Amino acid sequence: MITLEQKKFQEIEKMTKGYNPLLVLGCETCAAMSFAGGQQQVAELASAIRIARKTSGQEGEVLEDAVARQCEPEFVDLIADKVGGCDAVLSIACGAGVQLFAERFQDKVILPGCNTTFLGVTEELGVWSERCAGCGNCILDKTAGLCPIARCSKQLLNGPCGGSMNGKCEISKEVDCVWQLIIDRLTRLNRLEMLEEIFPVKDWSPAGHGGPRKMVREDLKS
Amino acid sequence: MMTGNELSTEIKYPPCKLACPIQTDVREYVQLIAERRFEEAFATIRKQNPLPRVCGRICTHPCETACKRGQVEEPIAIAALKRFASDGLWRDQYEAALPGKSTGHKVAVVGSGPAGLAAAHDLALLGHGVTIFEALPVLGGMLRVGVPEYRLPNDVLDEEIHTIVDLGIEVKTGVRIGKEIKLTDLFEQGYKAVFMGIGAHRDRKLHIAGEDKLKGVVSAVSFLRGVNQAEKPRVGVRVAVIGGGNTAIDSARSALRLGAEGVHIVYRRSREEMPAAKEEIEEAAHEGVQMSYLTSPLEILGRDGKVSALKCIKNELGDPDDSGRRSPKPVPGSEFSFDVDMVIAAIGQAPDSSLVAEEIEVTERRKRIIVDGPYTLVTTQPGVFAGGDAVTGPATVVEAISAGKRAAISIDSYLRGESPATVESAGPTETERLSSVIIEKTTKFERCLKTSLPADNRVKGFDEVEAVLSEDVAVKEALRCLHCFLGARLDKEKCISCLTCVRVCPLGIPTTNKMGEITIDPFACQACGTCALECPVRAIDISLDSRAQMAQKIEKGMAESHQPDPVIVGFFDLHGNFGSSDMERLRQGHPNVLPVMVFGLRRVDTFDVLKAFECGADGVFLAGCAPDTDPFPEATDRVKRRMAHARTLLDALGIDGARLEVCDMPEQGIVDKELIDGLIQRIKEAGQARSE
Chain A
17 MITLEQKKFQ EIEKMTKGYN PLLVLGCETC AAMSFAGGQQ QVAELASAIR IARKTSGQEG
77 EVLEDAVARQ CEPEFVDLIA DKVGGCDAVL SIACGAGVQL FAERFQDKVI LPGCNTTFLG
137 VTEELGVWSE RCAGCGNCIL DKTAGLCPIA RCSKQLLNGP CGGSMNGKCE ISKEVDCVWQ
197 LIIDRLTRLN RLEMLEEIFP VKDWSPAGHG GPRKMVREDL KS
Chain B
578 MMTGNELSTE IKYPPCKLAC PIQTDVREYV QLIAERRFEE AFATIRKQNP LPRVCGRICT
638 HPCETACKRG QVEEPIAIAA LKRFASDGLW RDQYEAALPG KSTGHKVAVV GSGPAGLAAA
698 HDLALLGHGV TIFEALPVLG GMLRVGVPEY RLPNDVLDEE IHTIVDLGIE VKTGVRIGKE
758 IKLTDLFEQG YKAVFMGIGA HRDRKLHIAG EDKLKGVVSA VSFLRGVNQA EKPRVGVRVA
818 VIGGGNTAID SARSALRLGA EGVHIVYRRS REEMPAAKEE IEEAAHEGVQ MSYLTSPLEI
878 LGRDGKVSAL KCIKNELGDP DDSGRRSPKP VPGSEFSFDV DMVIAAIGQA PDSSLVAEEI
938 EVTERRKRII VDGPYTLVTT QPGVFAGGDA VTGPATVVEA ISAGKRAAIS IDSYLRGESP
998 ATVESAGPTE TERLSSVIIE KTTKFERCLK TSLPADNRVK GFDEVEAVLS EDVAVKEALR
1058 CLHCFLGARL DKEKCISCLT CVRVCPLGIP TTNKMGEITI DPFACQACGT CALECPVRAI
1118 DISLDSRAQM AQKIEKGMAE SHQPDPVIVG FFDLHGNFGS SDMERLRQGH PNVLPVMVFG
1178 LRRVDTFDVL KAFECGADGV FLAGCAPDTD PFPEATDRVK RRMAHARTLL DALGIDGARL
1238 EVCDMPEQGI VDKELIDGLI QRIKEAGQAR SE
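In order, the protein sequences belong to chains A and B.
Note that my numbering gives residue 58 to position 42 of the first sequence, counting from 1, and the numbers run on in steps of one.
Note that my numbering gives residue 1211 to position 634 of the second sequence, counting from 1, and the numbers run on in steps of one.
All the pointers check out, no bait thrown in.
Using 30 angstroms as the maximum straight-line C-alpha spacing, the simulated DSBU-like pairs for lysine-lysine come out as follows:
#	chain 1	residue 1	chain 2	residue 2
1	A	Lys33	B	Lys1261
2	A	Lys98	B	Lys1069
3	B	Lys1217	A	Lys30
Hint data in this document are derived by calculation from the structure and do not stem from the laboratory.
Bear in mind the structure is a predicted one, so any value in this text is a computation, not a measurement.
Bound conformation, chain A alone:
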């Protein structure tokens, strides 16, 4: 999933100031699963904005809604009427959702309520961690299912480096050295010899270094 977190309230309050009515719009897939943009968070954030406006003597109606995914034009278009009646939309979706919204409603102010953090997994309720950098060329078959691009601080392909100490990365005692994990796991799998193959220099163009990425499936597109 894509993980997100809500921006600090002060930042949200500042960027939404003066818009009346303001629509707080949730996104019920990744954003909801990150507890940042589901209906529950929409209700809470809208209530907070209303109170803040009342406390500081501002006028302004705050509306609430949510769609299944803000990254799909069909869903976004379904609330066109409501959007039309608003001064601005505070989208609590990932950056993709916010931008699609802006594209569909050219004349509307669209504001981001969240920061998109990473592609990751739920470790347990309330704890997420990064697992994939979206580099466009998966090598997990060679690294025992552990990604050095997403999880090595230096994105080393032939690690570990000298900063690996007792299984931890030199940047923090909280961060595992993924190369230590790769070696441990290959040892358990009795495949340690796989590391004798040296990774060549990585082609970063599929990772976005070759410009904005686009994917087209001729068999599917209309």
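Since chain A is already given, all that's left is putting chain B on it; use the hints.
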């Protein structure tokens, strides 16, 4: 606001309601007692039951047998709670329903036992003119002449009957239908329908030698009839009661109270098969009644025309008979005798239907009135209906009330010329079984102890044995309810399979399949509400203190608030160890506090706190119960973390986070004075700082 889809889970009856012959809304009134809304609790009971105080005392409470809590440790003391709600509010606060607009039809109700009274009550409410015909000089049927006063005091019965008769019912006592007045005469007198609720007042005979000719042999019905009169019958020194039903127990306990030195119950099967209520058997034994199980009487022996001994034989249990109980088989050579000077025969009763047998058909052997079905209750004579013990043979009070109520519906249809309403059976009454894992994870709370007279005092007279529960005990007992079918309802259309419910449930009730389809067992769920609060897309709500109800409590409370400034919304956990005097002290001592009572502090969300501030509150505090009274202590721990988040948010909003306080209730009482005073002080200081 967003509009949600209708929640899709089908609403089912809880087992207590399903088990009750009159489908009393048990769960609802138990919940109302837990919330200290006693008047509403009583109104809920009285809505379905015209004899709540009788049932609160002598009902065999199938609801308790079905209660889900019974699978965990012991069922909720439902009958005692019914008595608590009904006894306490009888005279002053209950507004009885008014009879409906008169239909002009006259209906005769024959017999004034529970079936007749219930039929009369419901018919009167439907607007029919009702006359009760009673053969005895007093009203009440078996309740009056069969149940001894130590279980059901006369004044209680009188008050219940008065309330029913006050609906405008005409009463004729001392009139035996079939003798002075035939059934056909009733129709000639203008009655359009007749309900026969004549009960089962004729004792079955023992059919053993000595039964008819010896002095000192009595039937239980006539003995108990005597017991319930001012002039009590004389009893022997050593009494044998033959039979194993409630009538046998009533006879034995009454004989003790009338001075018998030794009372033996002689029952042919073992205790396990004994039809009397378990509590009754225990109470009788506690008072000193001796039990001779697996024993059948063979002959009553006499001297000088009086009973002198009872000859018996021991039995062993053979194969199950038609009733499903193992049948007794005499053990050859095990005959024995013991000295007694009185024998009470309590082996069952049959309706005294001989007087009407010419006009309506009765069964051959047991003389029960024949009806065409349990919902229509139509006899072989058009316009004549029957129900209760007269049809089923001896059964329970609540079954008789149920028959009376069914008859009223059937008679009403008949009088309107409509075909009787087809009633579907409510379905299987077997309570679903909880898994052992859920039982293990459920917090146990002891069932309340009943307060009874000491055994030595009891046998000196006919004072009521059991006392009514005190208010605080009743509330605590009601809080043991596990809220069957009031828990989580999942809207599958909204669910995004985020698995939060699966992760947070303290009992492990939500489950998922590999496609992320979530299932929440509505019977097993105990309505802690954690999943509903944590669900990011609000796909789950719970019925007990639902999201809308919580918002309404806050909005309504604030709108009607007369609290002086600063207004503080206080959320209180109903599970706390406080009483009504503490509530009163709170009102008196802390007029600023607007109390919002909740089934567990874990039900309070950040959203609710914001809602309170949005509605104009100056401060909010949450007072939680002690962990030992909390059914979900782990889930409650989440509240403190949730409120830390809320406090940060309040700070960001420009409302000082210190205006939100979370505390535990003191060991006794509802909230510490210092805490509220401190909160008020902080709010005032913050207000001054701002205005400066």
